[in-house]
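Going down the list, the sequences are from chains G and P. Quick note: to get my numbering, add 10 to the position in the first sequence (first position is 1). Quick note: to get my numbering, add 10 to the position in the second sequence (first position is 1).
Simulated from the structure, these hints should not be mistaken for lab results. Since no wrong hints were added, every one of them can be taken at face value.
Because identical chains cannot be distinguished in the list, a pair is counted as satisfied if it fits within a single copy or across any two copies.
In the DSSO-like style, the derived pairs of lysine-lysine whose C-alpha atoms are separated by at most 27 Å in a straight line are:
hint, residue 1, residue 2
1, LYS400, LYS16
2, LYS247, LYS220
3, LYS282, LYS451
4, LYS62, LYS21
5, LYS400, LYS122
6, LYS282, LYS361
7, LYS359, LYS247
8, LYS282, LYS220
9, LYS62, LYS16
10, LYS361, LYS247
11, LYS296, LYS220
12, LYS122, LYS220
13, LYS361, LYS261
2 protein chains.
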Amino acid sequence: MTDQVKSYLEKERARHLEEVIEFVRIPSVSSSSEHKVHMKEAAEWLADSLRKAGLEHVEVMQTNGHPVVYGDWLHAPGQPTALVYGHYDVQPAEPSGEWETPPFEPVIRDGKLYGRGATDDKAQLYTHIKTVEAFLQTEGRLPVNIKFCLEGEEEIASPNLAPFLEQQAERLAADLIVISDGPMHDEGVPSICCGLRGLCGFQIDIAGPKNDLHSGLYGGGVANPVSALVELLASMKDADGIITIEGFYDKVRPLTDADREASQPLELDDAKISSELQVPELYGEKGYTFLERTTARPTLEINGIYGGYQGEGLKPIVPASAGAKVSCRLVDEQDPDEIMALIRRHIDKHKPQGVTVSIQQSHRGKPFFIPPDHPYIQAAASAYTDGFGKAPVYIRSGGSIPIVEVFSRVLGAPVVMMDFGLPGENMHGPNEHFHLENFDKGIATLCRYWRELQSLPGQA
Amino acid sequence: MTDQVKSYLEKERARHLEEVIEFVRIPSVSSSSEHKVHMKEAAEWLADSLRKAGLEHVEVMQTNGHPVVYGDWLHAPGQPTALVYGHYDVQPAEPSGEWETPPFEPVIRDGKLYGRGATDDKAQLYTHIKTVEAFLQTEGRLPVNIKFCLEGEEEIASPNLAPFLEQQAERLAADLIVISDGPMHDEGVPSICCGLRGLCGFQIDIAGPKNDLHSGLYGGGVANPVSALVELLASMKDADGIITIEGFYDKVRPLTDADREASQPLELDDAKISSELQVPELYGEKGYTFLERTTARPTLEINGIYGGYQGEGLKPIVPASAGAKVSCRLVDEQDPDEIMALIRRHIDKHKPQGVTVSIQQSHRGKPFFIPPDHPYIQAAASAYTDGFGKAPVYIRSGGSIPIVEVFSRVLGAPVVMMDFGLPGENMHGPNEHFHLENFDKGIATLCRYWRELQSLPGQA
Chain G
11 MTDQVKSYLE KERARHLEEV IEFVRIPSVS SSSEHKVHMK EAAEWLADSL RKAGLEHVEV
71 MQTNGHPVVY GDWLHAPGQP TALVYGHYDV QPAEPSGEWE TPPFEPVIRD GKLYGRGATD
131 DKAQLYTHIK TVEAFLQTEG RLPVNIKFCL EGEEEIASPN LAPFLEQQAE RLAADLIVIS
191 DGPMHDEGVP SICCGLRGLC GFQIDIAGPK NDLHSGLYGG GVANPVSALV ELLASMKDAD
251 GIITIEGFYD KVRPLTDADR EASQPLELDD AKISSELQVP ELYGEKGYTF LERTTARPTL
311 EINGIYGGYQ GEGLKPIVPA SAGAKVSCRL VDEQDPDEIM ALIRRHIDKH KPQGVTVSIQ
371 QSHRGKPFFI PPDHPYIQAA ASAYTDGFGK APVYIRSGGS IPIVEVFSRV LGAPVVMMDF
431 GLPGENMHGP NEHFHLENFD KGIATLCRYW RELQSLPGQA
Chain P
11 MTDQVKSYLE KERARHLEEV IEFVRIPSVS SSSEHKVHMK EAAEWLADSL RKAGLEHVEV
71 MQTNGHPVVY GDWLHAPGQP TALVYGHYDV QPAEPSGEWE TPPFEPVIRD GKLYGRGATD
131 DKAQLYTHIK TVEAFLQTEG RLPVNIKFCL EGEEEIASPN LAPFLEQQAE RLAADLIVIS
191 DGPMHDEGVP SICCGLRGLC GFQIDIAGPK NDLHSGLYGG GVANPVSALV ELLASMKDAD
251 GIITIEGFYD KVRPLTDADR EASQPLELDD AKISSELQVP ELYGEKGYTF LERTTARPTL
311 EINGIYGGYQ GEGLKPIVPA SAGAKVSCRL VDEQDPDEIM ALIRRHIDKH KPQGVTVSIQ
371 QSHRGKPFFI PPDHPYIQAA ASAYTDGFGK APVYIRSGGS IPIVEVFSRV LGAPVVMMDF
431 GLPGENMHGP NEHFHLENFD KGIATLCRYW RELQSLPGQA
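With the rest of the complex left out, here is chain G (with noise of 0.2 Å):
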């Protein structure tokens, strides 16, 4: 970073951590209906913040859902197009007693700024902004090209953005696509991702009699919905957190020595984190390690289920109906659609005696993987050698970003992601936060990493 943009970030860090706020404080939660006019809002936000930072072309793109937000700086001829990736829509706050601070009304403490989407993405996405802004303002132009484009509904599976991507595909072409949009391995081990599970969620939901019925009158005559889907679940894990549908571990690669050898640098301390989640001990699939069950390993998940009475009390009926939502981390070459068949086919030999069941698949993503030795991924070591003041690991990351994999696939480009966040920033929980040291350290690693792709040939 030149001392004239250094002092430039830091003289104007105050008023951009202001910004960061107002940003999370518009509840973009894009699930639900009721927040569309936040969305919009968000959205109109964001562009304006694009204007101000000086890029180009700014645009709020209508799709068939929340809109995406595009601006661009192509003045580097001869120079490598990056296009950031970020989603302006959040996760809903539920269960909102849980938070210490309202979810939308955003404060520092401690040096963390708390508030959903603080680190899921608003405050990674705005590292990016800021960087922009700051080369602009002071020499008044980028190392390389840049486009922005920022989409409003990746907590709801980016149901638009394939299409969005294929008809946009000429203007939104690049050599490299960079998201920040997860967390690092660990405080003070800054890391690079290299690979993210895949994702096949659904619903079950399972109908039984018209109504409610009097558990005295007919319980024990009449298959119980919730009985039902209790043992369809059951079925689907052994005692071991081994998943018993059948074939769905056919497409994953086993581990090698190898494998196990070069993540071992990496292995967490299970005392600490049990301790951190409260749990009494950690729990999953039998012969892995914490670190492999939650990146290289798939999963089988309930999300949530519900039926019957759930109020004060007990109301002693056979309830109606009941559901469940689940969702399935991928790796490998598991394919959601494939799994998603698998998962049908198990459902189908299961099938309960005396109730309807039906299955809705919501979400799929395929896995996703970049090999370290890339040039764009060894430029962006040296970039948080820099920003960090450390060399990063190279980690596989257990959560899915189903874009990533569609970026890479439509625009044919490579991705590079550059998370700033940290474990435990209660990412998708209450008290969501964002250790606000990581947005400078963010925003330093970029400035270096739009420098080192200069020196790399781009496609442009």
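Given the coordinates of chain G, work out where chain P should sit on it, guided by the hints.
Chain P in isolation, oriented as in the chain G frame:
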């Protein structure tokens, strides 16, 4: 029924129905603290109606919970004393959206009164008050001595009734207890219920991580409380619907050929029931009929389940907690506390890893039985034959009225259940209703019953 009583009832019928509507309109939901004011209102309203009927010593008696309404008429020396029990509290109306007309805005459609509490137990209870009124307003006296004991906590398992009965044992002393709080066997088939199932209700809570976790970052590495709950619940039954809790059936008397022969004429049409309930088929414990499953066999029913995200779409989390409400119907010599101990032992044995399980028992009631040849039952049979034009059948009900067992134990008197409801009246479900023709037939039956009892010895 004398002509005088008969014509009084005909003349006053419209007013009587208006009163029932007024009664059902009071949302006396005992389980919810927000309805406390309505509980008081219902108790006062009921006391007033006892006074207007001509009863004496009417009093709203405080308990540690909702009050008991008492009243008596004791001017038939040498005649038996009957204690009429009923309850003025009702089940919650949820799910409110499924009601065709609002639960607490009672309406009469096609000769049926719709509203929460219509059949359970407001209109049934009211037949007793109007019978007393008809006698006292025409003949100036009752054939027997009658006491009313109307409680407000039946739907929450009568936590304060047993101590109340013990404290007031002298005032409540009676030769028999009469209760109208259930359905008859079928439309046009009056019945006397000689057996009830007991109840053991409890809640299971499973605590996992301190808050909801991102299922990408933690999924597979931390025990999922919903999965743990699902496994635990699934472990309690096998594929044949047989409860697998060790010792659960130890005190259940196996059905004999004689039992099966006796209940043969009562057997129901499976196809008709499943079509009414809109289920593809009936389902229950292997080797038993629907009637046996719902009256003579014990059950384990999940009444409600919850955990994680239940909103629109999918939220990929590992939920922080999960819970279920479960109740067992008990028969023969099964004891709710013994059963609870067996369940605790089972849960202990199947304790899931990585989470914390807690159990809270909420309901306990012993099974009940009275022999059909008891003189008070035979008198009731004559009364039904008069009131409904048809001799009643003797049945066992699958429901639980734990206080029936409490009454017979604490007051040492036989309990006679004279039900005027019908199956399919959606007791506890949406669109609860009561066939008003049975309001008239019920009163006629009670008029005859009090006369029948005159010829029988009492202790008073």
